[in-house]
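Peer 1: This is what each chain is made of:
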Amino acid sequence: MSRLGTPVQGVTLYSFTRAFHGREYDLEGLVRKVAADGYGPGLEIIGFSSFRGFPEIDDRFAGWFRDLVDEVGLVTTSLAVNADIGIHRDRLLTQDELIEYMRRQVEAAAKLGFPIARVQISLTPDSMEQLAPIAEQYGVTLALEVHADQYASHPRILALRDRYEQVGSPFLGFTMDWGATVTGFAPSLLEAYRRRGASDELLAQVVDLWNTFYEQGPPADQAEHGQRFGAFIGLAARNGRPDLGIDFGINGTGLFGPARVDDWLEIMPWIRHVHGKFFGIDERGEEPSVPVRDLVKLLVDNGYSGAISSEYEGWHWNSWQSPFDIIAAEQAVQRSAANDAGSRMITDAAEARRILDTHLRKAVQA
Amino acid sequence: MIPDRIIEQGTLTTDGARSAVEVRLPWYRALPGSCIAGAGLRVDGVAAPKDSLRWTMNGRTFTFEELVDETEEWWFPTDSVVLSGDVPVASGEADHEVDVDLTLYIPYIVIGENEVLHIEEHDTKTMKAVAA
Chain U
2 MSRLGTPVQG VTLYSFTRAF HGREYDLEGL VRKVAADGYG PGLEIIGFSS
52 FRGFPEIDDR FAGWFRDLVD EVGLVTTSLA VNADIGIHRD RLLTQDELIE
102 YMRRQVEAAA KLGFPIARVQ ISLTPDSMEQ LAPIAEQYGV TLALEVHADQ
152 YASHPRILAL RDRYEQVGSP FLGFTMDWGA TVTGFAPSLL EAYRRRGASD
202 ELLAQVVDLW NTFYEQGPPA DQAEHGQRFG AFIGLAARNG RPDLGIDFGI
252 NGTGLFGPAR VDDWLEIMPW IRHVHGKFFG IDERGEEPSV PVRDLVKLLV
302 DNGYSGAISS EYEGWHWNSW QSPFDIIAAE QAVQRSAAND AGSRMITDAA
352 EARRILDTHL RKAVQA
Chain F
572 MIPDRIIEQG TLTTDGARSA VEVRLPWYRA LPGSCIAGAG LRVDGVAAPK
622 DSLRWTMNGR TFTFEELVDE TEEWWFPTDS VVLSGDVPVA SGEADHEVDV
672 DLTLYIPYIV IGENEVLHIE EHDTKTMKAV AA
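Respectively, the protein sequence lines represent chains U and F.
Going by the numbering used here, the letters in the first sequence line up with residues 2 to 367, in that order.
Going by the numbering used here, the letters in the second sequence line up with residues 572 to 703, in that order.
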């Protein structure tokens, strides 16, 4: 076993989408709050959410942003970027257009001081290979997010991993999203459906269906994923709530992935960044549907010393609780789990900078 | 995603024949004009004819046909746009029920051969109309 990992605590501003969208905090206000309330030191931002005019970033703005991050004592971890392949109504981007579209965002990441750009599954192994020299040119690692309904041992992810191995660039890796390895349908979402008039009987059937899929394990391919999606729609229709069917399907398959925690071992050496996806905190102070403790232990045991961005997604439906307390509580679970695993989470900014530098310089040894 | 915020409360304006309301993006990240696929505007159940609808974003006014090729102007998550159309409303103390439908393309979620996810969202709010 390698040395125990010391993951860096952090957050993505995506967790605070409601507060930003609702104009309670602007970008500067949110960055200052993250620092002041101790959600950092790691700071992740979605380019198209937080930066007006993204991916065009002028020098003056980049300077302002970097000064702000330094002043408040945070550490930029990952800039989440998007492959907008369908930006034209009548056609998809050509391969050359796509690479240029991504290049501009990688350049923005470098300018803003993010060492990682989170990319998504719509990029194929060929695209990642083509982007590798661009990543190296800008010194930005591309970490493709493994997100439900995919999971580490999914054929598409293994194809990417195998290509990474062939290409051999230390600038290609993965972002682990904990939503791929969930153990239950989130109770806060059941509560949201209850508030929309769903009966307890219907919700019990939703939970049963999800638990059946959990027992079966994650879908083998996109076809099986589609069948499961359809099963949620059918269940809603049979119970007289066809209006909830797509919602059940999207969340039941795309947010709550039923792979097992140790599935991540398939790609562990390539994990450069982590989305600590979660949906809520119960009265015991634990995450009731995401095995946060097991996931942190897995990372620590396997020597992971990159960042974990707490990614609270319960805001999609939970309009009755403040995200701020919920995220603080989830980070307390992460710290406790790291301690239980014989290590700790890094919460000091200077230490985080050193550890992240080492983490990203370490070439992938398969 | 956050459809309850589509219509900005208290923003209904009218010149009697034509009416407008401020609209918020029901999504977490900016989208270009090309991804704004369609909208509907009804006041007290009366729909504005589709060809009378206009979309004012970043100080520019578009028809929905013009938005199809618009990849320069983006709808930022904290910005209001103005949706207007030919629908008669009397300004004054009376309450009006405003309905807005939105169809958006999500350009990075590819769901099939040459196809990206589209979402349809709807919001209803009641407010008074202010003379434009």
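Bear in mind the hints are in silico, worked out from the structure with no lab data behind them.
A quick note: this is a predicted structure, and the numbers were derived from the prediction, not measured.
Treat the hints with care, as some may be off.
[To be verified] Partial selection, computed: residues in chain F whose CB lies under 7 Å from chain U: (1) Pro620; (2) Phe633; (3) Phe635; (4) Thr649; (5) Thr674; (6) Tyr679; (7) Val681; (8) Gly683; (9) Asn685.
[Claimed, not checked] Non-contacting residues of chain U with respect to chain F, defined by C-beta distances greater than 10 Å in every case (computed): (10) Asp27; (11) Ile47; (12) Gly246.
Virtual Cβ for every residue (Gly too), placed ideally from N, Cα, C.
Peer 1: Among all the numbered hints in the text so far, which are the ones the structure does not match?
Peer 2: Per hint list: 1, 2, 3, 5, 8, 10, 11 violated.
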